[in-house]
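Chains as they are written, first to last, in this note's numbering: chain A, 434 to 974; chain B, 2 to 272.
Since the hints were made in silico from the structure, they are not lab data.
Here the structure is a predicted model, which means the values were calculated and not measured.
Just so it is clear, CB atoms sit at the ideal spot from N, CA and C, and this is done for glycine as well.
Among the clues, some could well be false.
[As the list claims (entries may be wrong)] With the C-beta cut set under 10 Å, the calculated list includes, among others, these residues of chain A facing chain B:
| # | residue |
| --- | --- |
| 1 | Gly498 |
| 2 | Thr526 |
| 3 | Lys548 |
This is what each chain is made of:
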Amino acid sequence: MAKTNMATTTDNKRDTIIEVKNVTKVFDGVTVVDDMNLAIKRGEFVTLLGPSGCGKTTLLRMIAGFETPTDGQIYVERTNVTEVPPYKRSINTVFQKYALFPHLNVYKNVAFGLKLKRIVVDAVDKQGKPILDKEGKQAKKTIKLTKQQIDDKVKYGLKMVGLDGYGGRDVSSLSGGQQQRVAIARALVCEPKVLLLDEPLGALDLKMRKEMQVELMRMHKELGITFVYVTHDQEEALTMSDTIVVIRDGVIQQVGTPKKIYDEPKNQYVADFIGESNILSGTMVADFRVQVEDKILPCSDKGFEKNEKVDLVIRPEDIEILPIEKAEVTALQGVVQISVFKGTYYEMEIKVGGYEFTVQNTVEQKIGSTVALKIDPNNIHIMKKDRVINEYKSEVIDEGVVEICGGNFECDTAGFEIGQEVIASFDFLATTLVDHEDNGTIGGFVANSLYKGKYYQVQVYTDDDQDIFVDTPDEWDIGDRIGITIKKDAIKLRLPDPQKDTHTGHPAEEAQSAPSSDEGEVAKQATNQPQDALAVSEDEI
Amino acid sequence: MNKKKVSKIFAKAFIYLVIVLLYLPIMVMVVYSFTNSNTMTWNGFSFALYQRVFVDPGISSAIRNTLVIALVSSTLATVIGTLTAYGIGYMRRPFKKAVGAMGQITIVNSDVVTAVAFMLFFITIRSIGIPINDGYATLIIAHTVITIPYVVLSVSPKIRRLNPNLYEAGLDLGAGPLNTVFRVILPQLVSGMVSGFALAFTLSLDDFVITQFNKGTSVNTISTLIYASASKGLEPAFRALSTIIFVTILLALVAFNAIKYRRDKIKSKKH
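With the rest of the complex left out, here is chain B (with noise of 0.2 Å):
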């Protein structure tokens, strides 16, 4: 063999040893999902893990409060975070650059800083007379405010790239200005509001440090369920649970990329 061989071997091997140590973890956990043991030792393979996941109360509210919160959090940030980007879209360059860099601060702020901020702002508002209660209020309200900016960031290109006469073109055509609005602006904006959307969605889904700070002691999301059981010894479902969450996930990603291939290859045939 050659020094060229040995070295192309040794790349190819290093690439599939970063792929190994990336998804090992994750695998010990998918494989011992499956057998019914409070430690990690192999009991024989078992569907049970499973089975607690959706009989457990705790869990069960864990996973609908997480759902919820992140539903109803992205669908608001989308709409609020289309709208602000289509006027950012609209403004003069000076304030346009201003306002479109201080929107986009908050994401690279540290999560902590954010975190004590809501707390501290809900309990200022709460100390005005505002009644507003921990939990469901406030990590709706905290999750929306964190992921409008992602929505901004993947709809303002759709923006920058609408034909500027297409609005004109819309009220020309006899469609009043909502109408216009609706029936041509918005379906330009679709495909970044989704990925927005879905964005916001997975944001909310993960986020652990705002969650825990503001989501009082009566609602649990799954990473803080998790976090609170992890310090009396991990609940074995909990492997069940992020073994689901993880092929969901997986899922999800292998059938965007499939639609978008398939879309691409009819436009490209079509050219």
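Just chain A, with the same shape it has in the complex (with noise of 0.2 Å):
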């Protein structure tokens, strides 16, 4: 058998083979992908992790080459590809409905691209000598593959994807799991710098999809090759990458290997979104030392201000349950309320104060006992808060009336004139959110809703492209349309500070980091999610 070293060779096997740079992608005026950068290293397993619409599959696709990006450019081993078309790029892509083709049998759909392959040689001549250009260099030609080199090179992918002997038959007659080997196959044989896959295992039943991922990341073991993997399972996200890239609405929220993200979720959406966990509002009273409610708990944090309201993340596995009279008197109390037998553990809520926290143990507790709470102050993970209140660059449009998003609101403008530049501000519980939006002064859909311990921290995003927060103790469906009202006496107005309030009109954005996260394992990252809002102060909830 010819050789048939699919892997790529390199000296320097963590250089960076795709970089993403600035890139923004805009489709009808609605920004998808919004000022990314990212790079990914060669020979990784890199998964785009995020929810359906949040634009990890638009990224894939523009670095296949199927979009061109609105803003920015991509570079592959350092060439800037951005206007490169797909059938240029030495990238191949594996689709989430397969897309083999139908006329062709199995062999032949792996046989596709080799057929076009080029490859580039050294010229020589009937005798085997050398042709020498010009400049008496090695000429260099292009050729086809031989008939020999592609048998040979599909014989070895079939059976790299555990169907050798399946050449000949009609793709409709396999099954789904098997179709999509055949795609992994047919895109593997390209010898392809980096392969995509969107979504590959999205349509495959659950038993077949847990096989495949065992096959992806032994076949990406083999080969070397850069797989870049689109997925909105976190749970397939953990198992396979070696780094994860979490994207919401089109910003990377956070990159690491997946350890760092499920310890150290670097703000509650990722904390939310990877894993079970419980969010809890919180205040830094001291390095070391975080407050929740009348409780404050030693935590493995520092480098927050005095009294900064932050996020408390506590993975429901990482929380002791101990009998009362064995827990300190500083322990966290709390009742049973629920609890479900989850097949290795039960999984129960637990009220502490005004928070239910969710608390897997092996252990059963009875319904309606009180138990103390014990938390690893390595299993406190805080994070800097992405907004603590509403503001935005209003107009006093009447004596009592200012204009927020697009909306009349009635507020006291005393002190303040007609037509004045000013900014609004208003807590999250001043807000009220109504089910129908023509009870409401302005409008908007449900963004987000997140529950944290005792009320819901609901993200409003408004016809006039603004979010709103807003904390109640219902919980509203992501995608509704509701209407907003805010309490007339909590909307507090200022003039804008030149320095600190940017003249775009839209609202001041400050650049925020964790402190205690580094960036790891990742070579470059994008900014931090661009915050809409100053963080001033929040209401004690």
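Dock the two chains into a complex; use the hints.
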């Protein structure tokens, strides 16, 4: 058998193979990918993870060349390929719906790319002596692969995916899993520098999906090709990847190893998306001390401002349950509300003060019993808050009326002139959501809803392209159209601060990064999610 | 005999009666094509009428005209119709529906209206100085235009069923856009194109009204020739010609179904 070394061999195994630089993609006025920066290292298994519509597939399609970025560049091995069509990129794609060619059998599907492949070789004359060009250098020529070479590669590819002997089969006679294997073989035999996989297991049933996950990891290891994998399945991402890129609303939230993403989520969205978690609001009273309700808990984070409002993430499996008599006085105490058997553990809801903790433990506690909760300081992860108050550039349009996000709200305008530009702020609790858009002053879509132990933090995306944060006891369905009202006396106005507030008409932005985090495995990473508001203060909840 | 049996026999008899009535006129024609007589009287078995079909210069030129026009116009219609269907398939929703509906209006439109419209259109074209002769040119144009919607109708479902990533998969594996269309997309549309072509071909063969209005004086197709001769007592050779056409279509239909049956059988075996 001829040499079929499909692995890309390089001297430096850990250099950057794909670089995404300030890439933005706008479809019909909607920004799907927003100024992304990402570097992918050679040989890595990178997963782009996020909910549907977050822009992960669009990013993948831009790397493949099916879409052209509205702005920014994409580099493959330091060559700008932004405008290079897909058929000239040494990148191959595996599609979610296989996209096999129905008129060709398995063998011909796999051979499709090979028949088109051209390789550059040294030109030789009939005696086998090298032909030299005008400058005396070795002349090159482009040739097709021979039938034998193609045959070898196809057979090797089919063997790789465990389908040797299936060459003559009609693709429509194969199961979904087998079809996806053919698609993977078809892409791999082209020996791409990067293999892109767009939710390749999305159409398969659970058992087949698990099997294919293992197969893909094996192939990645054997071939050494860089894999870029798109999924919305966090478990899949945690299982398979070297590096996970968490994307939300077209913005990269965090890049890191599965362990890092799980243990040290950068913000509440990452924490909520990866694994189960208790997300709570708290206050950093000192380094290594965080206050939740009236309890001060030891934690492992420092570097926050004194009394800074923060979010806490505590994984359900990291909470120990102790009998109340054995616990220290300072420990959290709660009453077991619900207990559900989940196969290998019990999942319990334990009410501590106003908060509901989700706790996973192998020992069941009686419903109604009072227990103490012990949390190791290392298992409390502190995250900087995205925003603690809603704040928007506004205009006083009449006495007692101010325009915020395209709606006219009543408020106290004493001391301000009509027509004056002001900054209006109101806290998360001052805002009320109503079922019907007409009953609210302005309308919007529920963009996100996050349970924070005792209330839901709902993010409403207004028609004015702004986000309003609302703390509410009710759960709102993501995607629903709702109305917003704001309490009259809760809206505070102030004059714009020319240094802090940008003049773009958009709310002032604040760059932030969690003080305790480092960039870790990743060569380069996008700036954190742009903030729509200033961090000022959050009213006590 | 009970009532149930009687009604069953009656129901069956009714069906056979309808079939006999359907085919009786054709059968009479077929039978009388094998006798050499000017009127519908039996004059002994003979192939004379068949001989005349191929000898008579008027008839053979009409056959040639009909086939050439049908072949050229249905080929053109297949090419244009497939491209149109592909274009419509990738349009945005509101336009897609509007264009799709507009394309189909000509199918339900009355033949006479279409025929007169073409006649007036060609007169207008000539009057502004574009030379276009009545005959082949006008008939090929008219037949192509009226059969395009049928090709669009038979190709569109194939385009709707295309995997949206198929074209991209072609590009991804190194085939350029044109190469991908020919190697990946067209093979998926072939069956729709073949049935569209067959439909266009038979429609063109069959057309009388539009042809009659636009053929001019020198060119005749089978249908217009038969019509012209019918006014002065039908030329008996047309009985033979009509039988040939009937048998040809019958054979084509049987062959088509046999192939389809065999293909389906092979497919179902594999599953």
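* To do: With chain B as the partner, please determine if glycine 498/A meets the hint condition of a C-beta pair closer than 10 Å.
  => holds, 8 Å
* Hint check, lysine 548/A versus chain B [nearest Cβ-Cβ separation less than 10 Å] -> The hint holds - lysine 548/A has a Cβ within 10 Å of chain B, the shortest such distance being about 9 Å.
* Could you check if threonine 526/A really has its C-beta closer than 10 Å to a C-beta on chain B? => holds, 5 Å
Consistency with the previously given hints is maintained throughout, with no hint failing.
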